[in-house]
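S.K.: Residue-level listing of the chains:
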Amino acid sequence: GAGVSQSPSNKVTEKGKDVELRCDPISGHTALYWYRQRLGQGLEFLIYFQGNSAPDKSGLPSDRFSAERTGESVSTLTIQRTQQEDSAVYLCASSLGTSGPIFVRYFGPGTRLTVL
Amino acid sequence: QQPVQSPQAVILREGEDAVINCSSSKALYSVHWYRQKHGEAPIFLMILLKGGEQKGHDKISASFNEKKQQSSLYLTASQLSYSGTYFCGTLETGANNLFFGTGTRLTVIP
Chain A
1 GAGVSQSPSN KVTEKGKDVE LRCDPISGHT ALYWYRQRLG QGLEFLIYFQ
51 GNSAPDKSGL PSDRFSAERT GESVSTLTIQ RTQQEDSAVY LCASSLGTSG
101 PIFVRYFGPG TRLTVL
Chain B
1 QQPVQSPQAV ILREGEDAVI NCSSSKALYS VHWYRQKHGE APIFLMILLK
51 GGEQKGHDKI SASFNEKKQQ SSLYLTASQL SYSGTYFCGT LETGANNLFF
101 GTGTRLTVIP
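For the protein sequence lines, the chains are A and B, in the order given.
Numbering follows the working numbering, with no gaps: position 30 of the first sequence is 30.
Numbering follows the working numbering, with no gaps: position 5 of the second sequence is 5.
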């Protein structure tokens with residue numbers, strides 16, 4: 001089927017506004033991840049969902065960041081009261097599971113967020 | 001938790017070889033390698049599981065030394081299409097999350 005999709009592809013917002021970023025994982029993938037990639041930087045882990053287990057939120061940088069996932073489907077990453085340092089590409093990935101080869105991440109094209 | 005990659009950047013001429021290293025201070029169960037071209041999503045290259053195995057994919061291969069918590073990616077006879085940023089992702093023993101290194105930017109020139 002289709003790969004991981006994300007929307008919007010680009011988002012420009014003003015400082016202080018809230019934004020919502022959406023991720024549609026590959027059908028059947030139970031695990032879903034959010035990463036942040038600042039310009040020229042590596043992949044910074046934000047949050048991870050696995051099936052019906054409680055999400056691993058250990059990478060969220062502040063309480064302005066939150067994410068939800070509906071079952072094993074769509075996920076939304078919300079950033080409240082955006083700051084300029086939130087500007088980055090937000091990448092979503094999904095995988096079949098969490099161990100061995102099925103742990104391979106398939107990444108979406110990302111959402112480029114620019115906070116003015 | 002984040003593995004360390006070296007070098008940070010490398011420039012090659014077509015046909016030359018390169019080695020990218022990834023090391024961790026933690027006991028590792030597996031290492032993943034991804035390549036990201038500018039403006040695109042990272043693409044999976046290969047996974048190496050605990051056991052000191054070596055894998056190959058065309059002229060790109062990798063090794064994993066679990067005792068040293070290190071992995072190396074070998075690119076031989078580089079092609080222009082190899083250009084991009086290479087990331088290693090490490091899965092620590094007993095964990096269920098992958099942490100990525102800061103990346104190695106590889107540029108292959110004619």
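Treat the hints with care, as some may be off.
Among chain A residues calculated to face chain B with C-beta under 10 Å, some are [as the list claims (entries may be wrong)]:
(1) G40
(2) G42
(3) L43
(4) E44
(5) A54
(6) F65
(7) R105
(8) G108
(9) P109
Derived coverage of chain B by chain A (criterion: at least 3 residues anywhere in the stretch with Cβ under 8 Å from a Cβ of chain A; other residues may be distant) [claimed, not checked]:
(10) 70-82
(11) 90-104
Straight-line alpha carbon distances no greater than 30 Å define the calculated DSS-like cross-link-like pairs of lysine-lysine that follow [to be verified]:
(12) A:K57 x B:K59
(13) B:K67 x B:K26
(14) A:K57 x B:K37
(15) B:K59 x B:K37
(16) A:K57 x A:K15
(17) A:K57 x A:K17
(18) A:K11 x B:K26
(19) B:K37 x B:K50
(20) A:K57 x B:K26
I should point out that these hints are in silico values taken from the structure, not numbers from a laboratory.
Computed from a predicted model, the values in this text were never measured in an experiment.
By construction, the Cβ of each residue, glycine as well, lies at the ideal position given by its N, Cα and C atoms.
S.K.: Which of the stated hints cannot be reconciled with the structure, identified by number in ascending sequence?
M.R.: 5, 6, 10, 12, 18
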